[in-house]
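Build out the structure end to end from the sequences listed, making use of the hints.
Going by the UniProt record's numbering, 184 is the number at position 184 of the sequence shown; the sequence numbering is gapless.
For the record, the hints were derived by calculation from the structure and aren't laboratory data. Among the clues, some could well be false.
Claimed, not checked - Here are the simulated BS3-like cross-link-like pairs (lysine-lysine), alpha carbons at most 27 Å apart as the crow flies:
id: 1; residue 1: LYS339; residue 2: LYS306
id: 2; residue 1: LYS332; residue 2: LYS386
id: 3; residue 1: LYS256; residue 2: LYS368
id: 4; residue 1: LYS174; residue 2: LYS236
What the hints assert, rightly or not - Cβ pair distances, simulated, as ranges:
id: 5; residue 1: PRO181; residue 2: SER289; range: 15 to 23 Å
id: 6; residue 1: ASP184; residue 2: LEU144; range: 28 to 36 Å
id: 7; residue 1: PHE42; residue 2: SER343; range: 48 to 56 Å
id: 8; residue 1: GLU185; residue 2: ILE316; range: 35 to 43 Å
id: 9; residue 1: ASP279; residue 2: CYS245; range: 19 to 27 Å
The C-beta atom is built at its ideal place from N, Cα and C for all residues, glycine as well.
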Amino acid sequence: MRVPLFIPIDDPSGKVLKRTSLDFSCFGPCQRKVKACLSVLFCLALLFICLYLDIVAILFWDSLLRHSPNRALPLRSLKRQEKRETTLNPLITINKTVELETRNQQLREILNNSLTHWLSDLPDDGWCERMSNGLLSDEEAERLASWNVNQSSERYLPDIKKQNPTEMPEAGCKNLKRLFPFPDEPATEEELQFPLAYGILVYKSPLQVFLLMSAIYQPQNAYCLAVDDRADEQFKKQMNLFMDCFPNIFVMTVNKVEWCEFGVVRGVFNCLRYLSELDHKWRYYQYLSGVDLPLKTNLEMVRIFKRLNGTINAEILPFETSRIVGSQVFMKSPLTLWKSSLSALMSRETVNAILSSNKVRQQLNYLKFGYCSDEALWGTIAGNPKGTF
Numbered sequence: 001m002r003v004p005l006f007i008p009i010d011d012p013s014g015k016v017l018k019r020t021s022l023d024f025s026c027f028g029p030c031q032r033k034v035k036a037c038l039s040v041l042f043c044l045a046l047l048f049i050c051l052y053l054d055i056v057a058i059l060f061w062d063s064l065l066r067h068s069p070n071r072a073l074p075l076r077s078l079k080r081q082e083k084r085e086t087t088l089n090p091l092i093t094i095n096k097t098v099e100l101e102t103r104n105q106q107l108r109e110i111l112n113n114s115l116t117h118w119l120s121d122l123p124d125d126g127w128c129e130r131m132s133n134g135l136l137s138d139e140e141a142e143r144l145a146s147w148n149v150n151q152s153s154e155r156y157l158p159d160i161k162k163q164n165p166t167e168m169p170e171a172g173c174k175n176l177k178r179l180f181p182f183p184d185e186p187a188t189e190e191e192l193q194f195p196l197a198y199g200i201l202v203y204k205s206p207l208q209v210f211l212l213m214s215a216i217y218q219p220q221n222a223y224c225l226a227v228d229d230r231a232d233e234q235f236k237k238q239m240n241l242f243m244d245c246f247p248n249i250f251v252m253t254v255n256k257v258e259w260c261e262f263g264v265v266r267g268v269f270n271c272l273r274y275l276s277e278l279d280h281k282w283r284y285y286q287y288l289s290g291v292d293l294p295l296k297t298n299l300e301m302v303r304i305f306k307r308l309n310g311t312i313n314a315e316i317l318p319f320e321t322s323r324i325v326g327s328q329v330f331m332k333s334p335l336t337l338w339k340s341s342l343s344a345l346m347s348r349e350t351v352n353a354i355l356s357s358n359k360v361r362q363q364l365n366y367l368k369f370g371y372c373s374d375e376a377l378w379g380t381i382a383g384n385p386k387g388t389f
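The structure is reproduced here in structure tokens:
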């Protein structure tokens with residue numbers, strides 16, 4: 001094979017003496033090297049194209065996040081789309097002052113009465129404090145270890161489980177409040193003047209969610225439940241009952257919530273955005289999972305949040321570079337990454353600043369491509385106060 005490749009041949013004086021052509025059929029090893037080089041160039045070209053398309057996709061989503069934040073984090077209610085306004089009733093006044101220990105004792109009695117519906121073989125009064133302090137007797141510890149759901153109380157559940165959203169919810173609400181304590185008015189003026197907000201991600205175990213909500217519910221607070229869209233329809237109806245029975249509880253669905261996937265962050269931010277835009281005077285926000293239970297009363301939490309004085313309470317740990325995977329390897333994080341749990345506390349002003357921050361929107365877009373992005377959310381935001389706000 002003859003290739004018309006012309007090479008000038010110069011003499012020492014710099015003049016071109018002649019031109020010649022090379023016959024590649026005489027150079028087999030060289031030919032193989034050329035083919036190898038062409039293969040490498042082809043692979044590099046493909047890699048360049050993939051990177052280019054990846055960058056285009058990133059810029060596209062970043063544009064959506066910047067110009068259409070509601071499209072990037074869509075809200076979708078289980079039952080209705082309209083925005084519900086929840087305001088404090090100006091007619092509610094609390095004229096009594098309740099001491100903390102008295103308040104706690106009242107809650108203990110309510111909780112024990114509620115638990116008797118569900119748990120058999122309860123220990124004597126005061127078991128919770130003794131258990132927390134390691135003062136249970138061997139007999140009490142054995143009884144606690146053998147706790148089980150009281151099956152006789154299952155007769156109450158059908159009216160809750162089979163509630164049809166198109167029917168009147170009074171029967172379901174009546175049975176829900178019979179089984180679980182939901183106070184009708186604030187217990188103290190202090191709690192009334194410092195309402196709280198909760199964002200909760202749920203997808204299973206309705207009994208656990210009922211126990212959680214009854215334990216933290218106060219009529220002056222605001223609540224948002226984000227339900228995994230893949231949860232079964234019966235669970236969704238049970239959660240929707242909260243919205244039918246209580247004006248300060250909102251329920252929405254979020255798409256595809258999986259462990260260590262970005263759907264967790266999306267669900268949390270959907271609720272955060274809803275609570276931020278709500279016509280309600282809540283002061284501090286707290287995230288909970290559907291399997292949490294509180295260790296403090298509402299009054300204790302109000303006093304703790306007051307002492308936080310508007311600051312963020314979030315865990316901050318070093319971020320492992322091994323968590324940067326896939327296309328994130330070729331991207332630069334808008335903020336320095338820090339690791340944290342998803343549990344966090346923050347003031348209303350902080351929430352508003354987070355939702356209006358361009359840096360946070362860029363960081364959310366970056367976290368879409370990572371592993372366990374929920375563990376790089378609050379720590380990264382709290383760990384970069386100057387770069388975030």
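Here is how each hint holds up against the structure:
1. LYS339 / LYS306: holds, 26 Å
2. LYS332 / LYS386: Given pair LYS332, LYS386 holds - Cα atoms ~18 Å apart, limit 27 Å.
3. LYS256 / LYS368: Answer holds: LYS256 to LYS368 is near 13 Å, not above 27 Å.
4. LYS174 / LYS236: Status holds; Cα separation ~19 Å.
5. PRO181 / SER289: 15 to 23 Å: holds, 21 Å
6. ASP184 / LEU144: 28 to 36 Å: Hint holds: Cβ distance 31 Å, inside 28 to 36 Å.
7. PHE42 / SER343: 48 to 56 Å: Given range 48 to 56 Å: holds, Cβ gap about 50 Å.
8. GLU185 / ILE316: 35 to 43 Å: Check passed, 38 Å falls within 35 to 43 Å.
9. ASP279 / CYS245: 19 to 27 Å: holds, 20 Å
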